[in-house]
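Numbered according to the numbering used here, the sequence shown terminates at residue 903, and the numbering increases by one at each position without gaps.
Do not take every clue at face value.
Stated by the list, open to error - Pair by pair, the computed Cβ-Cβ distance ranges are:
1) 810 - 882: 45 to 53 Å
2) 829 - 880: 36 to 44 Å
3) 779 - 814: 16 to 24 Å
4) 865 - 894: 47 to 55 Å
5) 821 - 867: 14 to 22 Å
6) 861 - 786: 20 to 28 Å
7) 860 - 882: 37 to 45 Å
8) 886 - 779: 55 to 63 Å
9) 842 - 885: 55 to 63 Å
10) 790 - 831: 16 to 24 Å
11) 861 - 790: 23 to 31 Å
12) 890 - 832: 52 to 60 Å
13) 831 - 888: 47 to 55 Å
14) 793 - 827: 28 to 36 Å
As the list claims (entries may be wrong) - Quick list of in silico lysine to aspartate or glutamate cross-link-like pairs, EDC-like style, CA-CA up to 20 Å:
15) 823 - 812
16) 823 - 782
17) 823 - 783
18) 823 - 784
19) 823 - 786
20) 823 - 835
Please keep in mind that the hints were generated in silico from the structure rather than gathered at the bench.
By construction, the Cβ of each residue, glycine as well, lies at the ideal position given by its N, Cα and C atoms.
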Amino acid sequence: MDPLAVAGHAIPEDELEERFETWGGPGGQHANRSHTAVVLRFDIARSSLPDDLKQRLMSRLGPWVEVRAGEHRSQTRNRELARERLASRLASALRTRKPRKPTRPTRASRNRRRKEKEARSQTKRLRRRPGDEG
Numbered sequence: 770m771d772p773l774a775v776a777g778h779a780i781p782e783d784e785l786e787e788r789f790e791t792w793g794g795p796g797g798q799h800a801n802r803s804h805t806a807v808v809l810r811f812d813i814a815r816s817s818l819p820d821d822l823k824q825r826l827m828s829r830l831g832p833w834v835e836v837r838a839g840e841h842r843s844q845t846r847n848r849e850l851a852r853e854r855l856a857s858r859l860a861s862a863l864r865t866r867k868p869r870k871p872t873r874p875t876r877a878s879r880n881r882r883r884k885e886k887e888a889r890s891q892t893k894r895l896r897r898r899p900g901d902e903g
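Model the full structure from these sequences, guided by the hints.
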């Protein structure tokens, strides 16, 4: 298979640890006896990725990532699916979030807040004993 591409960097095949297991699901006895499910493990700490990428990945995912795929009867299809999931997980961990730009409350939300405060004040005013001031 081709090397896995993540953020413009290729992860060589020999850095991916692949294990096959039995998996339930469609296929009857075939599913119970065949090792078609794939467990794909990627050791981030010992990978050939640049150090800055490794640090970002390890801070968000830990020293290694493991994905499982066993939905299909075919081992080949499960291998492809596991690689897609791994690439997706790594890409989402590398994605930087846009910082939130603070906005002012809208006029409608300010009016709504004011009305809620007035209603709450009225409720508390009605709980007082008649003649109590303060």
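Status of each hint after checking the structure:
The given range of 45 to 53 Å is respected by residue 810 and residue 882, whose C-beta atoms sit roughly 51 Å from each other. The hint said 36 to 44 Å for the Cβ distance between residue 829 and residue 880, and at roughly 41 Å that hint holds. Separation of residue 779 from residue 814 is about 18 Å and conforms to the stated range, judged on CB atoms against 16 to 24 Å. Take residue 865 and residue 894: their Cβ atoms lie about 51 Å apart, and the range 47 to 55 Å holds.
At about 20 Å, the beta-carbon gap between residue 821 and residue 867 stays in the expected band of 14 to 22 Å. Between residue 861 and residue 786 the Cβ separation comes to about 21 Å, which falls inside the hinted range of 20 to 28 Å. Distance hint check: the CB atoms of residue 860 and residue 882 are about 40 Å apart, consistent with the given range 37 to 45 Å. At roughly 59 Å, the beta carbons of residue 886 and residue 779 sit within the given window of 55 to 63 Å.
Between residue 842 and residue 885 the beta carbon distance is about 58 Å. The supplied range of 55 to 63 Å therefore holds. Under the hint 16 to 24 Å, the C-beta atoms of residue 790 and residue 831, about 22 Å apart, fit the expected range. Separation of residue 861 from residue 790 is about 25 Å and conforms to the stated range, judged on CB atoms against 23 to 31 Å. Evaluation of the 52 to 60 Å hint for residue 890 and residue 832 yields a pass: the beta carbon distance comes to about 56 Å.
Roughly 49 Å separates the CB atoms of residue 831 and residue 888, a value that falls within the hinted 47 to 55 Å. Checking the proposed 28 to 36 Å range against residue 793 and residue 827 shows it holds: the Cβ atoms sit about 33 Å from each other. Pair hint residue 823 plus residue 812 holds up; C-alpha atoms about 10 Å apart against a cutoff of 20 Å. With a C-alpha separation of about 17 Å, the suggested pair residue 823 and residue 782 falls inside the 20 Å cut-off, and the hint holds.
Restraint check: the Cα-Cα separation between residue 823 and residue 783 comes to about 17 Å, which is no more than 20 Å; the hinted pair holds. Pair hint residue 823 plus residue 784 holds up; C-alpha atoms about 14 Å apart against a cutoff of 20 Å. With a CA separation close to 17 Å, the supplied pair residue 823 and residue 786 stays within the 20 Å bound. Restraint check: the Cα-Cα separation between residue 823 and residue 835 comes to about 16 Å, which is no more than 20 Å; the hinted pair holds.
Checked against the numbered hints given earlier, the structure satisfies every one of them.
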